[in-house]
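There are 2 protein chains.
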Amino acid sequence: MAKIKPGKNASKRDLITQKAAALFKKKGYSSTSMRELAETVGVEAPSLYNHIGSKSELLQTICFKVANAFTGYLESAEAANGSSVTKLEHTIRFHIHMMLQNFNEVYVANHEWKHLKEPYLSNFLIQRRSYEKRLIGLVENGIAAKAFKNVNPFVSVLTILSAVRGLEFWQQPKKNISNRVLEDDMVNHLLKGIIK
Amino acid sequence: MAKIKPGKNASKRDLITQKAAALFKKKGYSSTSMRELAETVGVEAPSLYNHIGSKSELLQTICFKVANAFTGYLESAEAANGSSVTKLEHTIRFHIHMMLQNFNEVYVANHEWKHLKEPYLSNFLIQRRSYEKRLIGLVENGIAAKAFKNVNPFVSVLTILSAVRGLEFWQQPKKNISNRVLEDDMVNHLLKGIIK
DNA sequence: TTCAAAAACTAATAAGTGTTAGTTTTGTAA
DNA sequence: TTACAAAACTAACACTTATTAGTTTTTGAA
Chain A
1 MAKIKPGKNA SKRDLITQKA AALFKKKGYS STSMRELAET VGVEAPSLYN
51 HIGSKSELLQ TICFKVANAF TGYLESAEAA NGSSVTKLEH TIRFHIHMML
101 QNFNEVYVAN HEWKHLKEPY LSNFLIQRRS YEKRLIGLVE NGIAAKAFKN
151 VNPFVSVLTI LSAVRGLEFW QQPKKNISNR VLEDDMVNHL LKGIIK
Chain B
1001 MAKIKPGKNA SKRDLITQKA AALFKKKGYS STSMRELAET VGVEAPSLYN
1051 HIGSKSELLQ TICFKVANAF TGYLESAEAA NGSSVTKLEH TIRFHIHMML
1101 QNFNEVYVAN HEWKHLKEPY LSNFLIQRRS YEKRLIGLVE NGIAAKAFKN
1151 VNPFVSVLTI LSAVRGLEFW QQPKKNISNR VLEDDMVNHL LKGIIK
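Protein chains in written order, with our numbering: chain A, 1 to 196; chain B, 1001 to 1196.
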């Protein structure tokens, strides 16, 4: 039987990926060396290759884990009952939760995707574009149902996604404002901008 | 007399800085090599050093040019006459203009500042923090004057700055929506979220 | 205790990095 | 045309990079 490995029961590969996300966020993908990553894992650099395929594979794993999480949630939200307003609000809240709970991974997916190699780079961008289009569709539905103002759906989605993404500036000082207040204030600010 | 140098009358140093901004944006600071930069300038790598001091000096120039532009505008906006609402709106519009007109530089300042060396890194962060605080002060004034809702000023400023920053996702496809519509829609969306 | 597989190690490689030294070419004022 | 400075060039250095090869250690079931 396997002993208690790293931390809990996560595989060493998962541990390496997690440490990589933290380093990629802190220093950027290109400025993070495998030797440095190995050191935080507590091992020599070549030993990493007993568990992973390559440095760029680590980036792929991180980016697509995040992308799939968002895509998966949106699919379930679309299929659920409820108004466009509700669906949009839930999706915004999901974005905020992801930012707060998977900070490193989401940050890396947002900032370091450009270092993905083909065909992963193209796939990632296609998936992201498709996600944005479906979100725009949600806003268009809300406008058609006269729940939203007659705004430009593209601009609205851009504004919302960007504002939520900005939570990355947040976590660093850990201000004395609760996540709950933060989330509600932000959802309010963003929805008030488009709801009739 | 000097012949017609690069493009207009810009110094070669400025040309190099401009090309560097484009490359830093496209590939990231660390992944951009001096040989690559030299090639886009049309010269061998060591020749660059007749005009610049170092690679990191290029990043410093770009980042502080942007930071100083924002700081300078905010100072003049604070000194001007007008309500907090007007000042905030003008500042948002200035951000949008900067994004649309100095795309590469602003992008680099937003994304690659972490590769600045000390003491420039600290100075940059201090300057940015100070900027945010003054913007928060603007919102607090608006709340005190009962022009704004009783929102959390920190969250509001974060939301606004992030939303405007998101314009970086915009320019790439050059959608068939005019900059004017974009600007007005975004200003509207953001101000409606906090104005009483 | 035995033994095989997993995973660590050391050593090395080929490629790429920013930058300097030293030299040649270019441009322009006298 | 001469002469000097600006700016280009080639060659090279000292370092770092991700990764592979080959070997030794560790692990855990039999």
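No lab work stands behind these hints: they were computed from the structure.
Errors might be hidden in some of the hints.
[As the list claims (entries may be wrong)] In the DSBU-like style, the derived pairs of lysine-lysine whose C-alpha atoms are separated by at most 35 Å in a straight line are: (1) B:1146 <-> A:114; (2) B:1026 <-> B:1117; (3) A:19 <-> A:114; (4) B:1196 <-> A:149; (5) A:19 <-> B:1192; (6) A:133 <-> B:1192; (7) A:133 <-> B:1114.
[Claimed, not checked] Chain A is nowhere near these chain B residues, computed Cβ spacing over 10 Å in every case: (8) 1012; (9) 1047; (10) 1134.
C-beta: ideal position from N, C-alpha, C; glycine also.
For each hint, the structure was consulted:
For the given pair, residue 1146 of chain B sits about 45 Å from residue 114 of chain A by alpha-carbon distance, which is inconsistent with the 35 Å threshold. Annotation: proposed proximity of residue 1026 of chain B to residue 1117 of chain B holds, straight-line Cα distance about 21 Å (limit 35 Å). Distance check on the hinted pair: residue 19 of chain A and residue 114 of chain A sit about 20 Å apart at the alpha-carbon level, within 35 Å; holds. Between residue 1196 of chain B and residue 149 of chain A, the direct Cα distance comes to roughly 18 Å. Compliance with the 35 Å bound is thereby established for this hinted pair.
Simply put, residue 19 of chain A and residue 1192 of chain B have alpha-carbon atoms about 41 Å apart, too far for the 35 Å limit, and the pair is violated. Restraint check: the Cα-Cα separation between residue 133 of chain A and residue 1192 of chain B comes to about 24 Å, which is no more than 35 Å; the hinted pair holds. Among the hinted pairs, residue 133 of chain A with residue 1114 of chain B is consistent with the structure: their alpha-carbon atoms are about 32 Å apart, no more than 35 Å. Listed as a non-interface residue, residue 1012 of chain B keeps its Cβ farther than 10 Å from every Cβ of chain A; the least gap is roughly 27 Å.
At the 10 Å boundary, the C-beta of residue 1047 of chain B stays outside the reach of chain A, the nearest C-beta of that chain being 25 Å off. With a cut of 10 Å on Cβ distances, residue 1134 of chain B stays outside the contact zone with chain A, its closest approach being about 16 Å.
Checked against the numbered hints given earlier, this structure breaks hints 1 and 5; the rest are met.
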